[in-house]
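A.B. asks: Each chain, written out:
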Amino acid sequence: MISIPQSTFWFALLLEVVQVALIVFLFGGARRRTRAENEAAQSEERLSLISSMSSFGFWSWDAGSDAAWVSRHSRTILGLSEDAFLTGQSLLAAIHPDDRPKVLEAINSTPRPNTIEMELRVAGPRGEIRWITTKACAYFGPKGVLSRVAGYVIDDSQRKRTAQDLLKLQEKLTHLSRVALLGELSGALAHELQQPLTAILCNAHSAQLLTKSVSFNVEELREILQEIVNDDKNAGQIIQRLRALLIRGETQFDHLAIRDLVGDVLALARGTLRERNVQVNTRIAEGIPWVKGDRVELQQVLLNLVLNACESMIANPARDRRVEIVVDLDGNDSAVLISVLDCGSGIDVEQLERVFDPFFSTKVGGLGLGLAISHSIIEAHGGRLWATNRSDRGAAFHFTLPIMTGTQSHERYSANGVYS
Amino acid sequence: MNGTVRTVFIVDDAREVRVGLSRLLSAAGYNARAFESAQCFLEEQDAEAAGCLLLDVCMPDLNGLELQRALTCSRSARPIVFLTGMGDVQTSVEAMKLGAVDFLTKPVDDVKLFAAVEQALRRDEEQRLERSIRNTIQQRLEILTPRELQVMGQVIRGRLNKQIAADLGTGEKTVKVHRARVMSKMMARSVAELVQLGARVGVSIQPTQGGSSASINWKQV
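As they're listed, the protein sequences go chains X and Y. Those letters in the first sequence? Residues 1 to 420, by my numbering. Those letters in the second sequence? Residues 1001 to 1221, by my numbering.
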């Protein structure tokens, strides 16, 4: 038997244990590492699954290194090639030039928000414009230095297109009902236009006759020419007003004086009012401030109300057809209140709300869209349109328009005109 | 144009049209008077003045056709030329049925306007002449005694003095006297002329029962 010194034995044993421990440790570490890698892969997988299923794309940007990471789906949305190395700059470049300032402004604004949500345009692969929505979180290091921004991006083009289509459809419908409204006026307007045209022709023929005589009065000729000029201008104005309503433009908000609005509408309806023997009285309170709105659409609303008022009095005797247009400040001075009052038969109480429903009509051959569209126009202006019955007789339609803030009253005078 | 003043009465609610038409018609040598409404015309017109109407169809209150209806059969009836902005068939037919001279659409050409106005003025002259003749006949008829009127009725029907005498239960001589008075009062030189005069004022002869006697039935036109 070989004798081994005891100390050596213990040393060898210790060595063995250390080796085993080392092996166990090393192996265990390796196993742990594999697990972490697996988990990372799985997480990546899940992320890409969510991304592809939900049409979300993810991205992040490191402020320190300027490196950007963008998920595969994001690359498709943003139109970036699959293997390009990305930086903050290349992300920004994917965005439509017109929207880039908006992004920079959001990033550089102070105090810097923690989350940002934006609707942006990007150029699609075939140069088409696509709408995206992105929401991002900013992460800050010590001392509040921006370290990372990460977020998601969705392709919104479809939704945006639908919304735009809907808006266009709405505009079309508003325009169509305006055209229908003008259709009601067309007979009277044609008549209106024939007056100046007749006068012009008569005057021109008179001038021809006059110049045939040996000695004619130049002063008279001058008078005739002036008359022709005036009549022609009148005809032009009628056409101008008509054209403004017929043209289909985008809704455009301008500063408007209610007095002009009322005047324009009464000028348009003049022929019809005369034909139907309707007297219109306007009462405009002093110092009514300007409102902000689309001139054509508001004319459409008021014209619709005035024509409805005429319609409601069709059974009245000719001398008893009066419409009143009253313009005043709303109760709490935050809006202008415009009322159109008639002395017709009024509205059944249970129909007071229903008159604004689409396709509700009491007129023979009426489309039933006029009031519904007027209602949505006024709502889009931030106002309200409603109907009441007057205490004595007849109906009243009221609408409010918010007052433009920060403007002085431009209507200092008040005149109560009578149009007929 | 002959010596009498012929007026064109313009009724139109549009000021510029009144001014234009008045100027044109004046330049062409007519006497033009313009009114802004049918009501104004009725109140201010000279009912006796010769002339014609140039009438706008579409006016508030009393429109052109209503004025036409109000004037038909009235003392101040004059030929009417309509001017309209909206020439719908129904209105024009109605107006023409009621005796309108023409139905012109605005804006109107001077040639057409003058032609229509000339025609209307001519018709007014004819109507005035006719009216004055009828008035004369009427006045003559009014001085006939009831008996003379009876005799006249019979004469117009071509009955012989003998038959008339039998019908009226008088002598033939008496009938002869009545007949001579009728002829002289009516200033008729022949029976044929008397028949014409009677027809002109609408004196019609209605046979009574049995057809043996006749009464005179007149409708005043």
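Hints may contain errors.
[Unchecked claim] Derived DSSO-like pairs: lysine-lysine, alpha-carbon spacing no greater than 30 Å straight-line:
id : chain 1 : residue 1 : chain 2 : residue 2
1  : X       : K160      : X       : K102
2  : X       : K212      : Y       : K1112
3  : Y       : K1162     : Y       : K1176
4  : X       : K292      : X       : K160
5  : Y       : K1097     : Y       : K1112
6  : Y       : K1112     : X       : K233
Calculated directly from the structure, the hints in this document are not laboratory data.
A.B. asks: Let me make sure I understand: some of the numbered hints might not hold for this structure. Which ones are they, in numerical order?
C.D. replies: Of the numbered hints given earlier, the structure breaks none, since each of them holds.
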